[in-house]
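Novice: Single-letter residue listing:
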Amino acid sequence: AQKVTQAQTEISVVEKEDVTLDCVYETRDTTYYLFWYKQPPSGELVFLIRRNSFDEQNEISGRYSWNFQKSTSSFNFTITASQVVDSAVYFCALSSPNFNKFYFGSGTKLNVKP
Amino acid sequence: GAGVSQSPSNKVTEKGKDVELRCDPISGHTALYWYRQSLGQGLEFLIYFQGNSAPDKSGLPSDRFSAERTGGSVSTLTIQRTQQEDSAVYLCASSLRDSEAFFGQGTRLTVV
Chain P
1 AQKVTQAQTE
11 ISVVEKEDVT
21 LDCVYETRDT
31 TYYLFWYKQP
41 PSGELVFLIR
51 RNSFDEQNEI
61 SGRYSWNFQK
71 STSSFNFTIT
81 ASQVVDSAVY
91 FCALSSPNFN
101 KFYFGSGTKL
111 NVKP
Chain D
1 GAGVSQSPSN
11 KVTEKGKDVE
21 LRCDPISGHT
31 ALYWYRQSLG
41 QGLEFLIYFQ
51 GNSAPDKSGL
61 PSDRFSAERT
71 GGSVSTLTIQ
81 RTQQEDSAVY
91 LCASSLRDSE
101 AFFGQGTRLT
111 VV
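Sequence order for the protein chains is P and D. Counting in the working numbering, the first sequence runs from 1 upward without gaps. Counting in the working numbering, the second sequence runs from 1 upward without gaps.
Hints are computed from structural coordinates only; laboratory data are not their basis. Since this is a predicted model, take the numbers as computed values, not measurements. The beta-carbon is built from N, C-alpha and C at its ideal position, and this holds for glycine as well. Incorrect hints may have been included.
Not close to chain D: a few residues of chain P, all C-beta gaps over 10 Å, as computed [what the hints assert, rightly or not]: (1) Arg28; (2) Glu44; (3) Val46; (4) Thr72; (5) Val84.
Cβ-to-Cβ under 8 Å is the rule here; a few derived chain P residues that face chain D [said to hold, decoys possible]: (6) Ile11; (7) Tyr32; (8) Phe35; (9) Gly43; (10) Phe47; (11) Arg51; (12) Asn52; (13) Phe54; (14) Lys70; (15) Ala88; (16) Phe104; (17) Gly105; (18) Ser106.
Isolated chain P (complex conformation):
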């Protein structure tokens, strides 16, 4: 069965702190895809990143970085020097090879205080 777990329901940090959002997944597929989405208070989900199961290279994009470890079935997301505008709910998601469904975690609400 496919499953994504985001154990952190809500995190509060002060601006400029670094914060890591955890994501653990379960799948029987050998090929799969992982994603992170941001849902700001406006409500629209914004795509952040896609990672293929056969590519374990970590990725950095500005203040954002992602750590993919197949050995622990984790795909964690770190925001460096957080800003108030980072406040949102962040969802981790998993797709099977045929992309017929995205399995979402329950989300982590990040509050960045000034």
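Position chain D against the provided structure of chain P, taking the given hints into account.
Specialist: Just chain D, lined up with the frame of chain P:
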């Protein structure tokens, strides 16, 4: 348009009435998804279209829910005889084949 467009943005309906929610995907996107998000909850999968076909409708909660897609483009999600538990934000997403999904702003449905 540039993104996924959903209409209406908000819909208030009386219990027992039928509602139709519309989704205009990004031009050229062959895959289309409907999800439901209840207040403070995660995303619940409803249905997936590839072109006009729906190979996966496993998430539709009951036979009151149906969806169609015409011309490989616009999709309509219909809820018949609405119930209060149907109140939620209904999200539509589209994607190129075998690619990440892009979401619309959602339709907030309130059943009173």
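Novice: All hints are to be evaluated individually against the structure, with a verdict given for each.
Specialist: Right, here's what the structure says about each hint:
Non-interface call for P:Arg28 relative to chain D: holds, since the shortest CB-CB distance, roughly 17 Å, exceeds 10 Å. The Cβ of P:Glu44 does not lie farther than 10 Å from every Cβ of chain D; its closest approach is about 5 Å, which violates its non-interface assignment. Separation of P:Val46 from chain D is inadequate, the least Cβ-Cβ distance of about 8 Å not exceeding the 10 Å criterion. Its beta-carbon lying about 22 Å from the closest one in chain D, P:Thr72 satisfies the requirement of being farther than 10 Å from that chain.
Interface exclusion of P:Val84 from chain D stands, the closest Cβ pair being 21 Å apart, more than 10 Å. Given the 8 Å rule on beta carbons, the hint for P:Ile11 is violated: about 16 Å separates it from the nearest Cβ of chain D. Interface hint at P:Tyr32: violated, since its Cβ lies 12 Å from the closest Cβ of chain D, which is beyond the 8 Å cut-off. The interface hint given for P:Phe35 is met, as the beta carbon of that residue sits about 6 Å from the closest beta carbon of chain D, less than 8 Å.
The interface hint given for P:Gly43 is met, as the beta carbon of that residue sits about 6 Å from the closest beta carbon of chain D, less than 8 Å. Given the 8 Å rule on beta carbons, the hint for P:Phe47 holds: about 5 Å separates it from the nearest Cβ of chain D. Residue-level restraint check for P:Arg51 is violated (minimum Cβ-Cβ distance to chain D is 10 Å; threshold 8 Å). Among the interface hints, the one on P:Asn52 is violated; its C-beta lies about 11 Å from the nearest C-beta in chain D, farther than the 8 Å criterion.
Against a cut-off of 8 Å between C-beta atoms, the interface hint on P:Phe54 is violated, since the closest Cβ of chain D lies about 14 Å away. Interface restraint check: P:Lys70 against chain D, minimum CB-CB distance 20 Å, threshold 8 Å, status violated. Because the beta carbon of P:Ala88 sits about 14 Å from the nearest beta carbon in chain D, more than 8 Å, this interface hint is broken. The criterion of a C-beta within 8 Å of any C-beta in chain D is met by P:Phe104, whose closest approach is roughly 4 Å, and the hint holds.
The beta carbon of P:Gly105 comes within 7 Å of a beta carbon in chain D, closer than 8 Å, and the hint placing it at the interface holds. Interface hint at P:Ser106: satisfied, since its Cβ lies 4 Å from the closest Cβ of chain D, which is below the 8 Å cut-off.
Checked against the numbered hints above, the structure violates hints 2, 3, 6, 7, 11, 12, 13, 14, 15; every other hint is satisfied.
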